[in-house]
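So the protein lines, in turn, are chains A and B.
Take the first sequence: its letter number 218 is residue 218 in this note's numbering, and every next letter is one higher.
Take the second sequence: its letter number 217 is residue 217 in this note's numbering, and every next letter is one higher.
Hint data in this document are derived by calculation from the structure and do not stem from the laboratory.
Any given hint could be a false lead.
Put simply, identical chains are the same to the list, so a pair is met inside one copy or across any two.
Straight-line alpha carbon distances no greater than 20 Å define the calculated SDA-like cross-link-like pairs of lysine to any residue that follow [to be verified]: (1) Lys199 / Ala229; (2) Lys108 / Thr49; (3) Lys108 / Asn45; (4) Lys108 / Thr119; (5) Lys124 / Glu36; (6) Lys108 / Leu44; (7) Lys108 / Ala59; (8) Lys108 / Pro46; (9) Lys124 / Glu112; (10) Lys108 / Arg37; (11) Lys199 / Arg149; (12) Lys108 / Glu36; (13) Lys124 / Pro136; (14) Lys199 / Asp189; (15) Lys124 / Arg218; (16) Lys108 / Ala43; (17) Lys108 / Arg145; (18) Lys108 / Leu42; (19) Lys199 / Tyr228; (20) Lys108 / Asn147.
Quick caveat: nothing in here was measured; it's all calculated off a predicted structure.
There are 2 protein chains.
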Amino acid sequence: MPTLHQHAFCPHSRFVRLSLGEMGLAPEICEERPWEREERLLALNPSGTVPVYLEDGAAIPGAGVIAEYLDETQGSRKDGAPEGRRLLPAAPADRAEVRRLVEWFNVKFFDEVTAYLVTEKIFKRIMPAALGGGSPDGAAIRAGRTNLRYHLRYIGYLASTRNWLGGDALSYADLAAAAHLSCVDYLGDVPWDEDEAAKDWYARVKSRPAFRAILADRLPGMTPPAHYADPDF
Amino acid sequence: MPTLHQHAFCPHSRFVRLSLGEMGLAPEICEERPWEREERLLALNPSGTVPVYLEDGAAIPGAGVIAEYLDETQGSRKDGAPEGRRLLPAAPADRAEVRRLVEWFNVKFFDEVTAYLVTEKIFKRIMPAALGGGSPDGAAIRAGRTNLRYHLRYIGYLASTRNWLGGDALSYADLAAAAHLSCVDYLGDVPWDEDEAAKDWYARVKSRPAFRAILADRLPGMTPPAHYADPDF
Chain A
1 MPTLHQHAFC PHSRFVRLSL GEMGLAPEIC EERPWEREER LLALNPSGTV
51 PVYLEDGAAI PGAGVIAEYL DETQGSRKDG APEGRRLLPA APADRAEVRR
101 LVEWFNVKFF DEVTAYLVTE KIFKRIMPAA LGGGSPDGAA IRAGRTNLRY
151 HLRYIGYLAS TRNWLGGDAL SYADLAAAAH LSCVDYLGDV PWDEDEAAKD
201 WYARVKSRPA FRAILADRLP GMTPPAHYAD PDF
Chain B
1 MPTLHQHAFC PHSRFVRLSL GEMGLAPEIC EERPWEREER LLALNPSGTV
51 PVYLEDGAAI PGAGVIAEYL DETQGSRKDG APEGRRLLPA APADRAEVRR
101 LVEWFNVKFF DEVTAYLVTE KIFKRIMPAA LGGGSPDGAA IRAGRTNLRY
151 HLRYIGYLAS TRNWLGGDAL SYADLAAAAH LSCVDYLGDV PWDEDEAAKD
201 WYARVKSRPA FRAILADRLP GMTPPAHYAD PDF
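Chain A extracted, bound-state conformation:
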């Protein structure tokens, strides 16, 4: 059975779980603590990071690489899978636009927002001190929150000029954006009232069945805001 090695509050893992869910796949979930640098995980992925997707003896590491793999093995298959399963559009230039946005969220949004907020508020709390744990850095949190306001406006701009962020149909672009936002939203850090279009778009993504399992995950001793798991906000 396919297995996803992941962490419940790693945004890249959430992106892959959402993608698998949209494709109707339910692999076994194996929760990892990548900061422990276990040999077992390093053997699956030399960079030691999650997510890693295991299927038929092959270890597919990294959010972007897994997305391409799933598109090739699931999304575009010709055996009668419904078209809605495809999370990349058909035309090369349209696919490029979705991939641009996936990278935008998985790299740029991560570097400027999620890495600051999730590292400081979640990972530093659960990692042992010797492996990087400790008190959150207020300056890093402020930087993440400031950057988030610009990103939220960009999401609102995309959502108000297109049907979905990457074009006419739901795509990897929406799932990448929503994966990162969901981690930050658990912390109560998304200023939803600043952008109505972004909020409406997120409510649409959040109400999809694939989102349910993700919104059910909880961190011990840390309660998300009341709207967090409510599909209607």
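With the hints as your guide, set chain B onto chain A.
Same frame as chain A, but now just chain B:
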């Protein structure tokens, strides 16, 4: 005519130029100074970075996105293009391994090596002070050099266990690795004598015709070491 917006000493631009060269494509080259944040470039790529590939009115931004676009529009076309033009293997799991390595070099090697050395020694030299230019930071240079030794060993390990870095055939993995190494090699910072397998592999990649134009680029007032443009070292 297709156009590549790029910078001669940006490793991601070099990766795309090598890929285009291997595919027999010779777009117009438009040299950019991304640190000036010109509206013209931001209109092509909202993140303001190079490379950006322009074709048929579509702007395809970012090394990874361009590689996928070229694979879809050139590499895998069925109109008689030689198989050797394909820079990703055929099987999904093999493609995933090449993509893993492309990300390894374009993200991890970049963050740990190229960004330090090329930013400190090249970009800080050519950027105006107000936009980030200035004296190189010795600690950053030392960090880049230390990290490079580990990466060179990994390249040597791959090169001694496979025909090319990503598998049996030349692939995007080789071009990504060689693009980053070529920038660092211009600075004389690659300790080639530490890994014979890595050196032999690089000599093979460097001798390909697609590499010629890249090795001909020069920075005013900065001469590369004698072996830099010599295909036989």
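Comparing the hints with the structure gives:
1. Lys199 / Ala229: within (14 Å within a copy, 54 Å between copies)
2. Lys108 / Thr49: both (18 Å within a copy, 11 Å between copies)
3. Lys108 / Asn45: Between copies only: 13 Å across, 22 Å inside.
4. Lys108 / Thr119: For Lys108 and Thr119, the Cα distance is within 20 Å both inside one copy (15 Å) and across copies (19 Å).
5. Lys124 / Glu36: For Lys124 and Glu36, the Cα distance is within 20 Å only inside one copy (13 Å; across copies 36 Å).
6. Lys108 / Leu44: between (26 Å within a copy, 17 Å between copies)
7. Lys108 / Ala59: between (25 Å within a copy, 19 Å between copies)
8. Lys108 / Pro46: Close across copies (11 Å), not inside one copy (23 Å); limit 20 Å.
9. Lys124 / Glu112: Answer is within: at 17 Å inside a copy they meet the 20 Å cutoff, but 22 Å across does not.
10. Lys108 / Arg37: This pair counts as between: shortest inter-copy Cα distance 16 Å, intra-copy 25 Å.
11. Lys199 / Arg149: within (13 Å within a copy, 47 Å between copies)
12. Lys108 / Glu36: Answer is between: at 19 Å across copies they meet the 20 Å cutoff, but 26 Å inside does not.
13. Lys124 / Pro136: So Lys124 and Pro136 pass the 20 Å test inside one copy only (7 Å; across, 32 Å).
14. Lys199 / Asp189: For Lys199 and Asp189, only the intra-copy Cα distance (13 Å) is at most 20 Å; the inter-copy one is 49 Å.
15. Lys124 / Arg218: Classified as within; 16 Å inside a copy, 45 Å across copies.
16. Lys108 / Ala43: between (28 Å within a copy, 17 Å between copies)
17. Lys108 / Arg145: The answer is within: 14 Å in one copy meets 20 Å, while 26 Å across copies does not.
18. Lys108 / Leu42: Between copies only: 15 Å across, 25 Å inside.
19. Lys199 / Tyr228: within (12 Å within a copy, 53 Å between copies)
20. Lys108 / Asn147: within (10 Å within a copy, 23 Å between copies)
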